[in-house]
Amino acid sequence: MAKKEDFKVSRRQLLLGSAATAGATVFGPWKHNRVYAQATDKPILLGITSDASGQFANSGASDRRGMAMAIAEFNEKGGVLGRQVETVHIDTETSPATGTRVAERFITRNEVSFLIGAVSSGVANAISQVAQKHGVVYLNTNSSSPTESGENCHRVKFVWDGNGSNFAQAAVRNAITAFGDQWLLLTNDYVWGHNTSKATRELAEAAGASIIDEILVPQGTRDFSSILLQVQQAGPKVVAAAVGGDDQKAMRQQVAQLELGNGIAWINNQQDWPDVYGLPLDNLFGVFGTTWYWNLDLPGVQDFVARYQAMFPDTRMRVPGNVFYNGYMATRELLSAVERAGTTNNIAVIKELENIKVSANDRMQHHDAFMNPNTHQMQQTIYLATANAGTENSDDMFKILSSSAPDDVADPNAEAACKMESYEDTPTYET
Amino acid sequence: MDLVPHIVNGLSLGLLFALIALGFMLIVGVMEVINLAHGSLFALGAYVAMVIINPAFADFGGIYAAYVGLPLPMRYVLAIVVAPALVAVVGMGLEVCMRRTYGKDPLYGLLLTFGAALVLEETIRLIWGPTEQVLTVPQGISGAFLFGGLIYSKYRFFAAAFALLAILLVWLFLERTPYGAVIKAGAHDSEMVRALGINLTRLRLLVFALGTALAALAGIIMTPIWGLRPHVGVDAVVPAFLIIVLGGVGSFWGAVIAGVLVGLAVGLTGSFASQWSLLSMYLLLIAVVTFRARGLFGKKSVLEL
Numbered sequence: 080m081a082k083k084e085d086f087k088v089s090r091r092q093l094l095l096g097s098a099a100t101a102g103a104t105v106f107g108p109w110k111h112n113r114v115y116a117q118a119t120d121k122p123i124l125l126g127i128t129s130d131a132s133g134q135f136a137n138s139g140a141s142d143r144r145g146m147a148m149a150i151a152e153f154n155e156k157g158g159v160l161g162r163q164v165e166t167v168h169i170d171t172e173t174s175p176a177t178g179t180r181v182a183e184r185f186i187t188r189n190e191v192s193f194l195i196g197a198v199s200s201g202v203a204n205a206i207s208q209v210a211q212k213h214g215v216v217y218l219n220t221n222s223s224s225p226t227e228s229g230e231n232c233h234r235v236k237f238v239w240d241g242n243g244s245n246f247a248q249a250a251v252r253n254a255i256t257a258f259g260d261q262w263l264l265l266t267n268d269y270v271w272g273h274n275t276s277k278a279t280r281e282l283a284e285a286a287g288a289s290i291i292d293e294i295l296v297p298q299g300t301r302d303f304s305s306i307l308l309q310v311q312q313a314g315p316k317v318v319a320a321a322v323g324g325d326d327q328k329a330m331r332q333q334v335a336q337l338e339l340g341n342g343i344a345w346i347n348n349q350q351d352w353p354d355v356y357g358l359p360l361d362n363l364f365g366v367f368g369t370t371w372y373w374n375l376d377l378p379g380v381q382d383f384v385a386r387y388q389a390m391f392p393d394t395r396m397r398v399p400g401n402v403f404y405n406g407y408m409a410t411r412e413l414l415s416a417v418e419r420a421g422t423t424n425n426i427a428v429i430k431e432l433e434n435i436k437v438s439a440n441d442r443m444q445h446h447d448a449f450m451n452p453n454t455h456q457m458q459q460t461i462y463l464a465t466a467n468a469g470t471e472n473s474d475d476m477f478k479i480l481s482s483s484a485p486d487d488v489a490d491p492n493a494e495a496a497c498k499m500e501s502y503e504d505t506p507t508y509e510t
Numbered sequence: 019m020d021l022v023p024h025i026v027n028g029l030s031l032g033l034l035f036a037l038i039a040l041g042f043m044l045i046v047g048v049m050e051v052i053n054l055a056h057g058s059l060f061a062l063g064a065y066v067a068m069v070i071i072n073p074a075f076a077d078f079g080g081i082y083a084a085y086v087g088l089p090l091p092m093r094y095v096l097a098i099v100v101a102p103a104l105v106a107v108v109g110m111g112l113e114v115c116m117r118r119t120y121g122k123d124p125l126y127g128l129l130l131t132f133g134a135a136l137v138l139e140e141t142i143r144l145i146w147g148p149t150e151q152v153l154t155v156p157q158g159i160s161g162a163f164l165f166g167g168l169i170y171s172k173y174r175f176f177a178a179a180f181a182l183l184a185i186l187l188v189w190l191f192l193e194r195t196p197y198g199a200v201i202k203a204g205a206h207d208s209e210m211v212r213a214l215g216i217n218l219t220r221l222r223l224l225v226f227a228l229g230t231a232l233a234a235l236a237g238i239i240m241t242p243i244w245g246l247r248p249h250v251g252v253d254a255v256v257p258a259f260l261i262i263v264l265g266g267v268g269s270f271w272g273a274v275i276a277g278v279l280v281g282l283a284v285g286l287t288g289s290f291a292s293q294w295s296l297l298s299m300y301l302l303l304i305a306v307v308t309f310r311a312r313g314l315f316g317k318k319s320v321l322e323l
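Going down the list, the protein sequences come from chains H and P. Here the first sequence stands for residues 80 to 510, numbered as in the working numbering. Here the second sequence stands for residues 19 to 323, numbered as in the working numbering.
If you're looking for bench data, these hints aren't it; they were derived computationally from the structure.
Sample of chain P residues at the chain H side, in silico, Cβ under 7 Å:
#	residue
1	Pro23
2	Asn27
3	Leu31
4	Gly147
5	Thr149
6	Glu150
7	Ala162
8	Ser171
9	Trp244
10	Gly245
11	Asp253
Residues of chain H placed beyond 10 Å of chain P at every Cβ, according to the derived structure:
#	residue
12	Ala149
13	Leu160
14	Gln211
15	Glu281
16	Val384
17	Glu433
18	Asn440
19	Thr465
20	Lys478
21	Ser482
22	Thr507
Note that beta-carbon positions come from the ideal geometry of N, C-alpha and C, so glycine has one too.
With these hints in hand, go ahead and build the complete structure from the sequences.
Here is the structure:
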């Protein structure tokens, strides 16, 4: 055992140790970051809050590819405000608790400039609460619960996808006329499912339909046989399904096996491209919504697809879909807003984002789009589609049936539900 | 509401659940190892079967053309036989890795199989990608039929009948063959089996191979219903674990009956209060283990009064 005297520190040793510590503090491994932080060429760091596991893992990957392409295009032009754009990503695991943790870490440890990414509305809501607390601008790229731009809206949050109410508005009236007024709702038993079905119910009842039943589908349901038996016994003319993620994939497979897609009219909410890509066309029964399709006959679309294929030659998804598109558009508009604002200051960027107006050409959609400053949801063209039966191109899975202008499908309840924080109540944030 | 279709549906679902739990039960019962890789092996079986049914490789000397020219039912039967055998080899590799954990804290085995589950899932993702895939089934067992005014899936009835057949074959193997007798003896008293001169190392290897082959077989049968994606195994491992606890660890018929009970509970609850359907299996487990901690057919512990 060492004697006590062995640990005695002389005055000289103490002075040397103190000097070394002070030197390390000033010149040590932290020096680079400090200088970096003061330089004007400090990269703009985007914290990507995107699922890499859980039921939206596949869509999360597509979302990130969209962001990557937009960032690469800006960096090739010399960056934004002379600064390169960099990213840091942590898997949010399709879990609100993880989303909260990741957002907190990005802001407090990584000092990101902006947060971006979401597919699950539950995760997006959790992230946006943290973002609002710190004043960090957050882009919800791909989650589509009406609550995201309604009761869960925030000054720092901007929503880029069409929501359940938009899709229901595009589909409901036509479906009542075409298929009948006896409706049954299939509702995924979580926030997005409930809010989407609520919007569908209101619209359908207002248009004269009768909701004969609403069947709740717990998250994680893989066997739909008892639910589909119930549907058959109820005998509706139309089934409006708000079932998402892996639940939707299992349901679709089982509806196809029963050939129920032929006997009943199915109004599905948005079908995310990564969820359906590569599946047999009989899995794409009924009518469903989307915000964009790779084979739209519009200027810029084929060039966009070619850029995607050049940048991601190895991806199994040979053409981009709506999730990629939203990831790309959100990132592009954010970086453009920073350029216009001339700063990464959150309030300045928020004001720029609130006033976004994008021409149909730039959006590669049929109608001009704009950001609603009162809800922070991008108002855009909503498409209805069905399976493209008889196609010989396996990538050309959708047949676009209609395109609705933003004003025709606007969520009527969002503005009343959205109680947004004022600029003054939003902390200032800039990196 | 007519109850009969829902009871029939619950029974068919129960047989499928029992099939999922069979391999899990065998490994837990004989080796006292909770194989958390069961779900990933379930998924791997389905992916390997998909490749056997619809292979995508270069055509050397017309072999590929000749193979894909075979009728689909023939390739499907081949997949049902070959894919579980290939996954059994993976299972045997896992058992070899497990050997260092025998006789130690069960947590080591648990962690190792959990790690193996992650590695297998990522390997599947690397090879086949993250997107949804389709396991094609022959025309004769796909599609629907009308009975009593309701539409039923042909495949579902095929799957339930197949599950019943697989359960009976495994039971015959365990009850009517010398290998089965050794496996059962190993489950009862492994030290005595070793003392009788039986190679316990080889027995464990055989059991792991059989258990993983059954996991793969369940994957091949279930994924045309559930869909095929890299993490589909997660959907299998939770009910499998629940069923063996409910039926009693190590009990063959316990697992089968528990599977049927879980299927009936999920199916019937799904018909009347669908939001409770998934929860019903956990409530059933709580109700049973509250009054009978060793499960329905579990062996009585020496610690029990």
